[in-house]
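First to last, the sequence lines map onto chains F and E. Start counting the first sequence at 6; every next residue gets the next number (this note's numbering). Start counting the second sequence at 539; every next residue gets the next number (this note's numbering).
Check each hint, because a few of them may be wrong.
As the list claims (entries may be wrong) - Here are the simulated lysine-lysine pairs, DSS-like style, with alpha carbons at most 30 Å apart: (1) E:LYS898 x F:LYS207; (2) F:LYS210 x F:LYS154; (3) E:LYS934 x F:LYS107; (4) F:LYS154 x F:LYS15; (5) E:LYS934 x E:LYS898; (6) F:LYS210 x E:LYS934; (7) F:LYS154 x F:LYS207; (8) F:LYS23 x F:LYS95; (9) F:LYS95 x F:LYS107.
Hints are computed from structural coordinates only; laboratory data are not their basis. Quick caveat: nothing in here was measured; it's all calculated off a predicted structure.
The primary structure of each chain is shown beneath.
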Amino acid sequence: MRILVVEDDKDVAGFVVKGLREAGHTVEHADNGRDGLFLAASENFDAIILDRMLPGGIDGLRLMETLRAQDNATPVLFLSALGQVDDRVKGLKAGGDDYLTKPFAFAELLARVEALTRRGKTEGPMTRLAVGDLEMDLLSRSVRRGEQKIDLQPREFRLLEYLMRHAGQVVTRTMLLEGVWDYHFDPQTNVIDVHVSRLRQKIDKPFELPLLHTVRNAGYMLRAEDV
Amino acid sequence: MFLRSAGRRFAVLYALMFGLSSCILAFSLWYSTIGLVQRQVEGAIRSDVATLTALAAAPSGGLAALQGAIAERLTAPADLGGIYLLTDDQGRRISGNLDAWPKSLTQMDAWYQLPVSRAGHASVALLRAEALPGGAKLIVGRDVEVRAELWHVLRNGLIWTGFLMVILGLLGAVVIRSMFRRMIRDISITSRAIAKGDLSRRLPLGVGEEFDELAVIINDMLDRISRLMDGVRQVSNAIAHDLRTPVTRARTRLEDASLHASTPEELRAAIDRAILDLDGIVGVFEALLRIAEIEAGSRRAAFALVDLTQTLWDMDELYRAVAEERGLHLRTIIAAPLPVLGDRELLQQAIANLLDNALKFSASGMVIDLSAQLEDNVVEIVVADRGPGIAPGDRKRATERFYRGEAARSTGGSGLGLALVSAVAQLHNGTLQLCDNQPGLRAVISLPTQG
């Protein structure tokens with residue numbers, strides 16, 4: 006994937022660029038809003054990681070609004086030290102697709118950026134999802150693995166649907182909380198782990214090949230091969 | 539320039555109002571006394587003239603009859619103060635009690651008030667002349683000396699009271715202005731002291747209802763400011779003391795690894811643990827900022843009418859799995875509807891915090907109650923556990939930032955959970971009560987439905 010990082014802090018930018026390249030992405034970097042806007046408008050990217058507060062007269066929000074005004078729909082993830090609820094709402098209203106507050110774990114950033122680009126591609130009506138021999142029918146809301154039908158509670162269904170839509174990608178606990186439960190805070194209790202392990206009981210336990218993997222220090226991943 | 543002072547403006551306004559009402563009073567007094575008498579006299583003269591001219595014009599009448607009528611009037615036992623003069627076409631006096639035709643009376647059908655001499659007696663009279671057929675002329679009038687005297691008395695009286703009123707008005711204006719300044723002075727002295735940093739000062743009450751109302755509002759505002767200031771002070775103290783510990787731990791780990799780690803694995807493990815420590819510190823910061831954000835009240839702008847029924851069932855579903863995992867029994871009783879004007883996300887977080895606490899302090903086999911109901915326009919959400927609870931003496935302090943009860947010291951946590959719940963409840967004009975669940979803690983969030 007081709008990713009643009011607009012971030013003025015040298016350390017943070019260096020860390021993010023290095024990490025993304027290690028994950029196999031092509032990365033361009035701009036350290037001010039003007040250059041960032043120029044790059045974003047003139048070249049094609051699969052995703053943009055955008056700081057809110059930038060030098061050079063154009064801050065993240067302005068850049069975002071200018072880009073959207075030009076009908077540029079590149080997915081944008083805000084990466085900002087402004088962490089209040091209003092800030093998040095403002096960022097998303099301006100056209101951002103996701104919002105991550107500093108400080109952040111790189112695994113979280115990577116998972117979210119990759120989820121963002123996937124979302125861009127799979128827009129449109131889908132009726133079936135499949136990972137390995139696990140199949141989900143979104144119309145009849147039924148799940149089967151191989152020949153066996155699997156009964157899921159409504160919330161388990163949504164959890165599995167989210168994981169299947171992001172199959173092959175790391176999905177973090179906060180992403181699940183936001184995407185499946187619509188909670189925008191971190192409970193002190195390991196609620197997500199418990200729900201994921203229950204789901205695992207249903208979709209993996211009776212079968213030979215596990216599909217739902219735990220990714221250390223990051224989250225979970227649903228994929229047919231071993232991680 | 540002069541009127542730029544509000545006090546002066548009020549004073550001038552008062553003087554103007556006072557003067558205006560005095561004028562109205564004087565005028566109405568004048569109109570209802572002198573004016574009334576005048577109108578009555580005029581009416582009497584007018585009807586007298588009408589009667590006499592009719593008599594003179596009548597075929598059976600004429601000047602002789604007129605003369606008789608005048609004589610009859612003049613000799614009436616009660617002296618009505620009537621004044622008459624009848625002259626012929628040469629202007630010679632025929633009859634009447636006026637000695638001569640007054641020189642200044644030149645026009646017919648008009649009112650004159652003139653000094654007259656009536657039977658040798660000087661007086662003032664209101665007169666009206668009428669031309670009769672055949673060139674004769676008639677004057678009919680009334681002696682108005684008494685009325686003229688009344689007029690004088692009243693005029694003098696009004697002039698004097700006018701003076702007095704001007705003086706009273708000015709005096710009142712001065713008094714009003716000084717009262718105004720005194721009231722403002724109390725407020726401004728106190729406000730200035732507060733602005734200089736003495737937040738313990740409050741505006742005095744009892745100055746007057748309107749000013750008291752203002753003072754109460756300002757005092758409420760000051761209470762709020764000082765609460766916020768206390769919060770800030772508490773947080774900075776807490777940062778100084780409570781955050782030092784995890785920062786020290788992270789620092790020690792890193793330094794220890796830097797000095798003593800002998801393999802890359804050891805080094806990496808130490809760094810990973812230090813990152814976890816730092817994440818914990820960041821979590822504390824985020825919780826602090828969130829509480830501060832809530833206490834600042836700006837989230838009220840985003841309030842909407844929400845029904846918490848589904849929200850609570852969702853929380854039940856989210857936490858039930860964890861409770862079962864730990865061998866706890868989550869007992870949920872939710873009575874719909876639960877309408878609240880508020881912020882769903884914050885309420886979710888508050889209830890999640892209570893459930894987190896309940897799970898944390900419950901041992902396997904215990905019951906946790908989650909219940910909610912609407913009563914008297916108050917939505918009451920209860921989370922009750924059977925854990926160690928909070929000692930009665932500590933319950934008041936349990937909602938302070940970083941406060942951790944005896945039972946909580948051995949467990950993880952930042953000591954910010956209940957502070958956030960309390961802040962959320964207060965943001966919704968509600969309360970958080972911590973009671974004894976015998977045994978355990980019973981946390982009750984009460985929220986008014988209209989916010």
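Requested in this report: Go through the numbered hints given earlier and state which of them the structure violates, listing their numbers in rising order.
Outcome: 3, 4 and 6
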